[in-house]
Every structure is written in C-alpha cells, then in structure tokens.
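K.L.:
Now for the letters of each chain:
There are 2 protein chains.
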Amino acid sequence: MDLWYIDLQKEHDKPLYEQLYAQLKQAIITQQIPTETKLPSKRELGDFLNISQTTIELAYGQLLAEGYIISKPRIGYFVEAIDELPYVEKELPSPISDEQEKPTNHFDFSAGKIDEEHFPFHLWRKYAKDIFDAPSKHLLQSGHPQGEWILRQEIARYLLESRGIHCSPEQIVIGSGTEQLLPMILLLFESDTKIALENPGYVAIPHSQMDRAIPVAIDGDGVIVEELEKTNADLIYITPSHQFPTGAVLSAARRTQLLKWANRSPERYIIEDDYDSEFRYIGKPIPALVSMDRGDHVIYMSTFSKSLMPSLRVAYFVLPPSLLPRYKEKFSHYAATVPRFDQHILANFMRDGHFSKHLNRMRKIYRKKHDKVMAVFSQHYPHIRITGDSAGMHMLLSIPSEKSEQQLLQQATQARLAIKPLSRYLFAPQQTIHPTFILGFGGLPMEQIEEAIHALMTSFYTNDTL
Amino acid sequence: MDLWYIDLQKEHDKPLYEQLYAQLKQAIITQQIPTETKLPSKRELGDFLNISQTTIELAYGQLLAEGYIISKPRIGYFVEAIDELPYVEKELPSPISDEQEKPTNHFDFSAGKIDEEHFPFHLWRKYAKDIFDAPSKHLLQSGHPQGEWILRQEIARYLLESRGIHCSPEQIVIGSGTEQLLPMILLLFESDTKIALENPGYVAIPHSQMDRAIPVAIDGDGVIVEELEKTNADLIYITPSHQFPTGAVLSAARRTQLLKWANRSPERYIIEDDYDSEFRYIGKPIPALVSMDRGDHVIYMSTFSKSLMPSLRVAYFVLPPSLLPRYKEKFSHYAATVPRFDQHILANFMRDGHFSKHLNRMRKIYRKKHDKVMAVFSQHYPHIRITGDSAGMHMLLSIPSEKSEQQLLQQATQARLAIKPLSRYLFAPQQTIHPTFILGFGGLPMEQIEEAIHALMTSFYTNDTL
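In order, the protein sequences belong to chains U and L.
Numbering-wise, our numbering puts 236 at position 236 of the first sequence, and it's gapless, one number per residue.
Numbers in our numbering are just positions in the second sequence, counted from 1, shifted up by 1000.
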C-alpha cells in the first residue's frame, strides 16, 4: 500500500492524529485507497511515519467510529466501500438582509400590541433573580406535561376570584399561546369533527385543517346561534366577552342558546377564548360563559399575552372534567412548552398579589388611552363610526370613503402606519358598506395617540376631494 | 311592574349598582320579570328605591352590555327573551390529588435527565438580571416568527465552529422543542408525504399522523438504506450521530448512500436530529450529515435540552435554502413559542463564550459518569453487554435472563427505579434475544452511580435462581 500522500506536520495547529485521520479519510473518499484494502498495522505505520502508535490508534478509532474502515479482530483494519457523493451544482443562498433592515413604522395600530411603559420590571427581575439559583436545580429537568402545579394553582385562584370560574389545577393545561394550545384541544376529538368559527374572527385552527372549519356569521350580539344550528359542527371556537375583531359582547340570550346547543349532544363542546376580558371600560366584567355552564361542555381558554406581555408566550385552557381522562391518555408523554423557570416566576408574581395589582393599574391606563382615542375622534373626526370599544385594546373604525378598503390600506402603509382591515378576518368576501379597520391602541404611548390618529386619518384622506 | 323583590342594602360590601344589577338579572333569568316588559325609567326607579339615577344607569348599562335588556331610543329599556338554561346533573370532579403525591423514584435512569450539580446558575442569573430591565421594554411585544435574530446569529456561529455547518441566521427557526418543531417541518410538505422513522427510534411525529410513518430497520451502522429504498417515503427522520435509542453511529458508507437517496428527487429530504452530538467520549465529534450535503437536501435540527437543560424548551432547525420560501409563506404570521427574554439570556450567554465553556466542562463530567458506569459493570456485572455508549447520556444494557423484558421492568418499577425498555421504541414487536434497557446516566450524581447500578441489577435478579 502506497502511503506517499500522507504528510504530517508536527508544527501544525491540528494534532498529528487529526491530520492522519483527515488525510486517510480523504484518500478513502477519493478512492486513492481502494475499497477492501487492508490498512497497515499500527506498528508498521508508526515505524513508517515515525510517530507513536497511540496517534495511529486515535486516527484509526475515529475512522472506525465514522464507518470509513472496519476492524476484523486479529486480522486488521479494512477500507469500507464508500460511494462517491453525487455532485449537485448548488446555488449559494443569497444574503437576504431585509429582516434586520425593515423600515420601522411611524405608528403601529396592531391589536396585539401592549403598553410598554408600565411593566413592573423591578418586580419581575426580583422574582427572576430569586428563582435562578441552586435550590431550583431540580427545575432544570423536564416538568409536568400540563405545566407547573404552582402556576396552575395560581391560575385557578385567579379564575375564581376574577372570573367566577370554579376549577381545580388538575383541569388546567399551560402552553405557549393559543396557536399552540388549540391544535392540542382539536386532538381530543375525532379528526373529522367540524369546528365552527366566528366570521369575521380569529382563524383558530392550523391552515392544514381548514377543511374542518365552518364559518358562522356574527352580528352586534355575537355569534348567531341559529346559523350555528344549521351546520354539522360539534365544536365552536368563540370570543364571547369581546368578540375578535368586532368587539361584540355575546348577549345573554345567545349565551343560553349556545349552551343549550352544546348540551344537546355529549360530544359537543364550546371553546371559550376569553383573551382580553381583563380590560373592560364600561360596567363590570362580562361573566365567563363557562361559569354559566352546568353541563360540562365548555373548554375555557385565556392568555397572559394582553394582561402581561405577548412575548412571555403563556396561555392556558381549562378542561371540563369529562375531557380530562382523554387528555391524560393522549398527552401524558408531552412536554409542556413553557420554560419551567418562567412558570415559577409568573406563579410567584401572582401569589404575592402583583398580577392583580398590575391588572388594576393597567386597566386605568388602557381606559385613559381608550378615552383619549374616543375624544380625538369625537372632536376631530365625528363622521367616523366607532364600535366594539367596550373592552380590550382595539376598536373598529368605519371609514366613509369612496375608495376601497384596499386603497385606504395602501395609503396607510405608504405613510408607514401598521393597521389591519376587518376584511382580513373574513372567511369569504362579504359586502361591507364602509371600509373598516381594526384600531389597536394598547401599544401607543398616551402622548402620541392624538398625533397617531391624525396621521392615520390624513393617510386615509390623502388626495381626497371629500 | 312589581318591584317588591328588590332589596338594596347600603351597608353591604357590594356597591348598590351591583346589587341592583344582580337582582334584576336574577329576576329576568327566572322570568319574574317577563320577556318584553318595559323597565321603569331611571327617574321612576330612582324615586321608588330612593337611590341616585347614576346607580340605576350603571346597573342598566351592565344588563344592556350583557344582553339581558335592550334599549329603544327615547322609549325605554325592555327585557330580552332569555331561554332558561338546561339543567344537567353534573358530577363534581373527584379531587384527584395523585399528581402532587407521586412517590419519588429511588433512582432515575431516564435518558432525558441531565446533570443538576454543575449548571452555572450565577451566570444565568446575571444575564437574567441584565435583561429584565426597562431598556428591554420592546421585548415585551411579539417577536420574529423564527425567533430572535441575535440568538439565531449565535446558533449559526456555534454550528460553524463546533459542527462545521455553514448556515445563515435566516435559515434558522427556533421553537420550544423537537415535539413542537417537527410538526412545523411536516407542514412544509404535502400532507400525504410518507416519512421514514428509525426502528427502534424516537416517534418524531404526532400520533394523529402515524399513518404517514414508515418504520425502517437499523443495525449497528445506523439506518439500513437498502430498506429505505424499498419504501415510498420522501422524508426520513434520523439521529445519525448517536442513534436514539441504540447509540449506533451512522457509518460513512450509509451516509453517502442516504445523501444519494435524497438527491434522487427534488422533494426528498433528510431530517437530521443531532440531539446529543455535544457529548462524545471516543475520538472527535462525528461530522454532521448536513455538512456533507452538497445537494440542499438535509434539514438539520438540534436542541439545548441536553447541552443546557430540558426545561428551557429551546430547540431549532436549519432549513436548506430551497425550503426557505415555502417556510416564509406558511409561517410568516406564526409567533415563535420561546419567550423573547429567554432567547436573549441564552444569546448573551453564548455570545460571551459561556456556552462553549459549559459544554467543555460538562463533557468532562459526563465522561467521568460514563467511565464510572462502565467500570461498575465490568467489575461487578461483566456478563451484561453494553452498547451504544460512545456518546450522549445513555447506553443499552442487554440483560441475560430467563424472564421477559416486561417482568424485569416490573421488578425495577417495584424497586422504584425509573428505566425504559428498548421495546418501547420499537414500532412492531420484534424478536430480541435478551431483554434490553436504556440506561440514562446523565442525571445520576457521580457518587450515587455505583449504588444506583447495584439497585437496578438487584431488582433484575430478585428471586432469581440464575
């Protein structure tokens, strides 16, 4: 066996065994050493190259581990058959740098934005500091599939005190947001179970499962239950406290109708998404549908995205006892997706009453922002119809204009204003009298609200003869 | 209209308007006030109850918001038709308290456990303390669907330095673990695309999609590509560096065979899960398959579950440029599931070199644990065959016994030892010569390894005449 191509350099950065390994590997791949060749013994090669046998053992060991050679006990090492790799001309990925250089918007009216100015960083830091410590070392390992017990206890307590919902921590499942939890809920049902969705509404199910979705129309009182009755859906996903995006509150009559619908079959369930019930500006909170349910047919879900921050990625659902065995069967080996340390930080924050305090404080702040938005419109743009503003962080604007919603949207985008049209949440094109937009005000600083609204209205009425 | 049932108490905890609201609501639900009744005007009722009209306005406002009454402008308020709720006898959920009272195991040989003693809490605390601060307030809002740019940069750098993988942050997608990321990868392909899985192996796809799975046998060199060629799979999920659970390393010959298989069609992809390549005890790291790929057909994925902690829930995949446009189309509105603050803590920890240091330190610690396990077996139980121990935190034990794997498992469980049999990862019952178990040693403290192994072997050979 010819070994002329082996060239080891003692002064090289790489250790000798790595050089030897790399050169032999190259020779095998390029078939300079043909398949089935017997490699020289360690002693032979050591003498030939004037290096120690340990070096050769390391190199052979690595080639063996990666399968370039095989070892026949008491005979020696032999080169394995390695196919040459097919060469495929590969286009280099073009360096796409748009991600980091997106122009920022002047104002962002997204409904998902929250207030940035009043988050209690000092408290959060304190709880984080406390938990990232040696006594928490067991929290490094995987946690319970449903999330930490301590956090589920705090959520159960909160739901009882704030929403009148009686549930045990056992019924609660914590996850990284509605998007991640809803597919889990769907897996509790047969794969062909149809699910009704509010239209317009949040598309609560994965795109791959859209064939299961049945849009049901809504009006000012929320989802029209008569329309639901006409479908073959056995599940419905609704936002009764503050319909997304119209802001409608599901009326009492509709609530009982809906619960009756669900109680008509043991396999009918209502998924109640109570996503921003914490912030209500007129009257008391609207009671949760689940608290009226006497038949075990409501799966309640909510999130900390509005009440704390969207970036924490913590949401949860409460299973009725009838669904618990099914859940445990399907998901006992599942790992909860929220980091355990974050769950403990949040639980301790809640336990010490800071969550309630934060909500009370933020309710006042969002109310002020809400009132400011209403005041600017009534003073400067009284012809704009505003609806759905009784709760949450967004409202609907109907814009009287001869232009289409699409045209207006384009004008707003050109003015670097982020805003979404209502039609984005419609399942099928529908007649709308006026272009309608979703104005989220949660993320706008108080002192910029007036300027932001003027910028938006100016963009809408640019080059307009009206 | 008779109002005798209204009984407001000025000394009550609840404000007057809430009492009035609750009593009117009750009367409407129980139909003491019949549907379509006109409610007294605010002035009438105020005079009658001797309370202010503001109180009545608040109560009526809440009833209106919840849809119990409707308002006819300039006429008055009218009671809406509310169906009585169907009454369903409801069994109270039995208080299931097992969750908190599970007996703890004496020793846990789970493959997913990591060392708890050497995590750098002081550093993690420091980075957490730094990030939970007002200058980070923009991190409260939703982040990029693929995860934070800064973390993707650090991962790209790490992959280049440690695994020889060239990729840009743009190709990287961060998520809450393999379980959460794999379904996303599957969504990039047609819903009937078959996916080959190693047998035995990790069941990488959701149970609801098991009809897409095709098990392919493995041997000591990893997955048998000839077997794969016989299937109609266009995807394969593999763990080439340290096959889970057998520990086999995919041989060089198989690697090229596999890449050739993938390059035969533009829609064939290999999903390479490199889950514990960081810890290798014999020789150099095995090169990643993706680093050999010249045809853009490997989706690389890995996790921080072994290298840092399972409870952080951070994993990622690297898309080949060919799949990027498809990903962006499907997931542009998706929210990354890892909390943004955690992503920044991890990125800063990596940026300052602590991740590499931690890996080097842990590699030594796991190597010591590995060597200790091997020493205990060779000294006390030389008849036990151990395989798959070249890397990672687990190895396979073949137990010569006349008892079945199931019997041995039961004995170990009775001795409160957590361990999994190999058969748990088999897709169909297969002939095994000896019962085989997966011994994870990562979570065992060094000083307990000997005791733990003795406990395990004692449980296996309890009441045994062998």
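Source of the hints: derived by calculation from the structure; they are not laboratory data.
Treat the hints with caution; some may be incorrect.
Coverage of chain U stretches by chain L, computed from C-beta distances (three or more under 8 Å per stretch; other residues unrestricted) [said to hold, decoys possible]:
(1) 66–76
(2) 170–181
(3) 248–256
(4) 279–286
(5) 374–383
(6) 417–425
(7) 441–447
For every residue, glycine included, the Cβ atom is placed at its ideal position computed from N, Cα and C.
K.L.:
Run every hint past the structure and note whether it holds.
P.N.:
The hints, checked one at a time:
1. Proximity of the stretch 66–76 of chain U to chain L, defined as three or more residues with a beta carbon under 8 Å from a beta carbon of that chain, is established by the 3 residues found.
2. Look at the stretch 170–181 of chain U against chain L: 6 of its residues bring a Cβ nearer than 8 Å to a Cβ of that chain, three or more, so the hint holds.
3. By the rule of at least three residues with a Cβ nearer than 8 Å to a Cβ of chain L, the coverage given for the stretch 248–256 of chain U holds, with 8 such residues.
4. Residues of the stretch 279–286 of chain U with a Cβ under 8 Å from some Cβ of chain L number 4, which satisfies the need for three, so the listed coverage holds.
5. Residues of the stretch 374–383 of chain U lying with their CB closer than 8 Å to a CB of chain L number 0, which falls below the three-residue condition for coverage.
6. With 0 residues having a Cβ less than 8 Å from any Cβ of chain L, the stretch 417–425 of chain U misses the three-residue criterion, and the hint is violated.
7. Only residues whose C-beta sits within less than 8 Å of a C-beta in chain L count toward coverage, and the stretch 441–447 of chain U has 1 of them, not enough to reach three; the restraint is violated.
Violation of the numbered hints given earlier is confined to hints 5, 6 and 7; the remaining hints are satisfied by the structure.
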